[in-house]
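Q: Chain by chain, the residues run as shown.
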Amino acid sequence: MFDNIMVLVAAPVFNIQLLLDGLFIGATYALAAYGLALVWGVMNVKNLAQGDFVIMGGYIAWWLGNHGIHPLWGVPVAIVFMFGFGWVVYVTIIRRVIDKELFTSLLATFGLAIVLAQVLNLLFGPEVQTANAGFPILSLFDNAVTLAQIKIIALILCALLALAVVLFMKKSRMGQAIRATAQDARAARVMGIDTDKVYAFTFSLNAAICGAAGALISMIWVIQPFYGISHSIRSFVIVTAAGFGNLPGVIMAGLGLGVMENYGGFVLGAEFQQVVVVGLLLIVLVWRQFQQHKLRRAVI
Amino acid sequence: MGVDKVNEMGGVNVGGKKYKLEVKYYDDESTPLRTAQLLERLINQDGVKFVLGPYSSATTTAAAPVVEKYEIPMVEAEGAARSLFNKGYKYTFAVLSTSELYLASAIGLAAEVAEKNGKKASDVKIAMAFENDPFSLDVRAGVLADAEKYGMKIVLDDKMPRDLNDISATLTKVKALKPDLLVISGHNKGAATAARQIGEMKIDVPMIALTHCEGAKITTNFPGTVNGFLCPTQWAETLTYSDKYFGSASGYDKAVKAKFPSYKNVPYQTAQATAAVLVYADALERAGSLDPKKVRDALSATDMMTFYGPIKFAPEGNNTAKPMVLRQIQDGQYNVVAPSKYASHPLQWPRKASAN
Numbered sequence: 014m015f016d017n018i019m020v021l022v023a024a025p026v027f028n029i030q031l032l033l034d035g036l037f038i039g040a041t042y043a044l045a046a047y048g049l050a051l052v053w054g055v056m057n058v059k060n061l062a063q064g065d066f067v068i069m070g071g072y073i074a075w076w077l078g079n080h081g082i083h084p085l086w087g088v089p090v091a092i093v094f095m096f097g098f099g100w101v102v103y104v105t106i107i108r109r110v111i112d113k114e115l116f117t118s119l120l121a122t123f124g125l126a127i128v129l130a131q132v133l134n135l136l137f138g139p140e141v142q143t144a145n146a147g148f149p150i151l152s153l154f155d156n157a158v159t160l161a162q163i164k165i166i167a168l169i170l171c172a173l174l175a176l177a178v179v180l181f182m183k184k185s186r187m188g189q190a191i192r193a194t195a196q197d198a199r200a201a202r203v204m205g206i207d208t209d210k211v212y213a214f215t216f217s218l219n220a221a222i223c224g225a226a227g228a229l230i231s232m233i234w235v236i237q238p239f240y241g242i243s244h245s246i247r248s249f250v251i252v253t254a255a256g257f258g259n260l261p262g263v264i265m266a267g268l269g270l271g272v273m274e275n276y277g278g279f280v281l282g283a284e285f286q287q288v289v290v291v292g293l294l295l296i297v298l299v300w301r302q303f304q305q306h307k308l309r310r311a312v313i
Numbered sequence: 005m006g007v008d009k010v011n012e013m014g015g016v017n018v019g020g021k022k023y024k025l026e027v028k029y030y031d032d033e034s035t036p037l038r039t040a041q042l043l044e045r046l047i048n049q050d051g052v053k054f055v056l057g058p059y060s061s062a063t064t065t066a067a068a069p070v071v072e073k074y075e076i077p078m079v080e081a082e083g084a085a086r087s088l089f090n091k092g093y094k095y096t097f098a099v100l101s102t103s104e105l106y107l108a109s110a111i112g113l114a115a116e117v118a119e120k121n122g123k124k125a126s127d128v129k130i131a132m133a134f135e136n137d138p139f140s141l142d143v144r145a146g147v148l149a150d151a152e153k154y155g156m157k158i159v160l161d162d163k164m165p166r167d168l169n170d171i172s173a174t175l176t177k178v179k180a181l182k183p184d185l186l187v188i189s190g191h192n193k194g195a196a197t198a199a200r201q202i203g204e205m206k207i208d209v210p211m212i213a214l215t216h217c218e219g220a221k222i223t224t225n226f227p228g229t230v231n232g233f234l235c236p237t238q239w240a241e242t243l244t245y246s247d248k249y250f251g252s253a254s255g256y257d258k259a260v261k262a263k264f265p266s267y268k269n270v271p272y273q274t275a276q277a278t279a280a281v282l283v284y285a286d287a288l289e290r291a292g293s294l295d296p297k298k299v300r301d302a303l304s305a306t307d308m309m310t311f312y313g314p315i316k317f318a319p320e321g322n323n324t325a326k327p328m329v330l331r332q333i334q335d336g337q338y339n340v341v342a343p344s345k346y347a348s349h350p351l352q353w354p355r356k357a358s359a360n
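Heads up: the protein sequence lines correspond to chains A and B, in order.
Quick note: the first sequence, position 280, residue 293 per the working numbering, numbers continuous.
Quick note: the second sequence, position 142, residue 146 per the working numbering, numbers continuous.
Chain B with its partners taken away, still in its complex shape:
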């Protein structure tokens, strides 16, 4: 999508000469080992000088040392693990927000609500259940840090094993402890199990935040139960970002749907992949050269606005300019409710499971 758009608009102007972009793909089968092998092949045999990242944190973790070794820049859009950005990599740049930010905004929102209701933010009680894997524990670390900032009390902190198919004991505790906020993250499996059992056990916590709502299709599978759930997203088409390529977030949304009519909703993963291409186009033009080192320096100085959100890289390579947004499920629709400056709908609080 991004490559077509940039080429359509005349390509990239590098030092007075116009270049068209072209992507060379291999299938890494989502296996980190394969990612590293194929990346070596791209660099050594195919002579690729600029790399776009693979999908998932695990494969990106395998790719980062390879690009570092060959001093070839990589702009990645699908690896959010925090561990990618504390190893001192100089050639890896990520347009997306890192995983510890996924649910941190829910804590801020809970504090806002508490203050609006005449309570102190430090009165908020939080119950948490996270899967015991690197991604979810990153999310947990972010929640913990923000909860500490507000002085909130963690009343429950359960970790779910990978193949746990029942969290009713955890939810019974939630019922007993009556928290103000319930936070759950465990990939698609965790989201589906949580949605099912929260409905079955009639858990009436006023605020529930959950990752992977879209992936687990909870609005189709558990329509009544999940009303009012808060779900984090990297990007939403209702956000008020704009750029010269797609005009706006909704412009991008329309363009993708026009080109690929099978998409009813455009996933944020697609949007950020496109954003990675735009970042390259911008950096190549500013570098005015095809030398990987010069492009890397241009990348690290990136400060641009895209339909996907603002992009500015920290020295570690993660994008610190773009916020995660929280969407609330309201009558089956995902509506942005936080942060307040991007909100398209007011927050419904306390949440109410609807009848259907």
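The shape of chain A in the complex, shown without the other chains:
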């Protein structure tokens, strides 16, 4: 462990590689986590199939790439397809569990996650796949740092998508309705908002966001039918750390998690890379608990 830290001290240029890799992948985490925050905040549904939506988006881009269409087209295609898919899932499953207790929705989405992973496995096989975007790779600092152009493109697209969602939530009628429902669903219904439609739209929007994140991940990373769970966990860590309705928080937590993971893998070894994710979740929860405890005492 200490040798690895010494490497970073002796050759600081490798910090740049770790930071960049972390930021690029963190941006896609933040995107998927924002979708989760939306569904969690508006509908109080904790979607355990979040990561599987991401992987589905990845397979869309990969599939297009295999059929002579540039995988970047996978981003818009995944958004449209996953929006429709999200709607179907809402109507068939989520609508039935939304007003039930917490465990019902957890179990339902967990079951959905298993089914989706197996369907992807049946359709595309269990191998690791990657969509080849075919952009050049830049070498910096005498080849010590490499930077694939597709990662820069993915980062820009992530930023644009996040911006589009924010504008949508602020400016459009539907965005306002979603925010109103999140604040108080009953009051929103009294005011004439069709909350069922708002829920359907929110869930579909989440699926679309996940699809876009997944399409980007398939180009900058690798996908596999059973990788969904690790993306779900990351989304939960980010949302738990940042809270709902806190977009800057989600972005910071997403980028931070990406960087922490890369540093964790470097310093502690690849076997501890995911320990960092779960470890952070634990720290955040303990800290939150501690904070709330203080708050409660102040109220008393």
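No lab work stands behind these hints, which were simulated from the structure alone.
Note that this is a predicted model, so its numbers are computed, not measured.
Worth double-checking, as some hints may not be accurate.
[Stated by the list, open to error] List time: in silico DMTMM-like cross-link candidates among lysine to aspartate or glutamate, alpha-carbon distance up to 20 Å:
| hint | chain 1 | residue 1 | chain 2 | residue 2 |
| --- | --- | --- | --- | --- |
| 1 | B | K91 | B | E320 |
| 2 | B | K356 | A | D155 |
| 3 | B | K221 | A | D16 |
| 4 | B | K163 | A | D16 |
| 5 | B | K157 | A | D16 |
[Stated by the list, open to error] Covered, in the sense of this in silico footprint (three residues per stretch, anywhere, with C-beta under 8 Å from a C-beta of chain A), are these stretches of chain B:
| hint | segment |
| --- | --- |
| 6 | 166-177 |
| 7 | 189-196 |
Heads up, the beta-carbon is just placed ideally off N, CA and C, and yes, glycines get one too.
Go by the hints and put chain B onto chain A.
A: Positioned in the frame of chain A, the structure of chain B alone reads:
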């Protein structure tokens, strides 16, 4: 393939009487529990006296205690875990090389190269990344033992979790530490992830050895990057083995392709399955009896040459006569480069990623 060939040649001569071979299969769905159940059924209900092993180390591990209980011999061709051969099983025989030998030959090759370049073998620096599962850790144990033999320095020893989809942090370390040899084993997933990220991060280690190259189809998916990668295999059609059934390794290769035209490359898994049948034919003839115990004793005395390689069982049941060979990816082709007496092509060193 093996059964057809033996029957075609007149069957097996046991004590002056000719017998034809016949295989009875059940589908174990690659589930160890199912393997054990179906094997009981084969032995108890179907009266099978000689067993061929299932596919994978996990199912073979489940099968071994069953054949041991009924004292029925099993010749297996697809279970390579070392743990199969340290439990004192007397009825399990494996024609293939065990997993700790998969990449050990890469260490020998690195030592050879170092000495050729006027360096000492103990100067070689090795970086390793293995998946955290029994098979890959067996491979790692073999690499460690051989590296220790040469006194080589392990500069990096990372273990990849089962669902790790990113090894860029590990590869960044590789870049910083500049090893002479990079060794990676993590089934098909590990091979695909490694090939992708090694290309993306322009890792220029002069020698890279990787398991599961064929399974992960890295030559089709990452053609330029993987040029020069070293991949271990149990068997290759260019090897100079020969026997009376198929003539030679290439004869077997041609026979399979003629019978099953959909095969462009004959996987070593097919070859070793055929070899297991040949081992039975040989042992049955030498035993001169259909008594499982006598056949077991004949099996343990096996010392034969096949198209698949020499077969001679250690007391633990693994085949110690056949070497693992290393193939290097050269312009999209898998060419045998080590051990040197079987090499069909010279080693390209240092490796160079090609442009395409």
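Q: Now look at each hint and say whether the structure bears it out.
A: Against the structure, the hints:
Proximity of K91/B to E320/B is assessed by CA-CA distance (about 8 Å); at most 20 Å being required, the pair is judged to hold. Of the pairs offered as hints, the one joining K356/B and D155/A holds, with about 17 Å between alpha carbons and a cut-off of 20 Å not exceeded. Distance restraint check for K221/B and D16/A: the Cα-Cα separation of roughly 35 Å exceeds the 20 Å cut-off, and the hinted pair is therefore not satisfied. Of the supplied pair hints, the one linking K163/B and D16/A holds, its CA atoms being roughly 17 Å apart against a limit of 20 Å.
At roughly 14 Å between alpha-carbon atoms, K157/B and D16/A fall within 20 Å of each other, so this suggested pair holds. Chain A is given as covering the segment 166-177 of chain B, and this holds because 10 residues of the stretch bring a CB closer than 8 Å to a CB of that chain, at least three being needed. Only when three residues or more bring their CB closer than 8 Å to a CB of chain A does the claim for the segment 189-196 of chain B stand; here the count is 3, and the claim holds.
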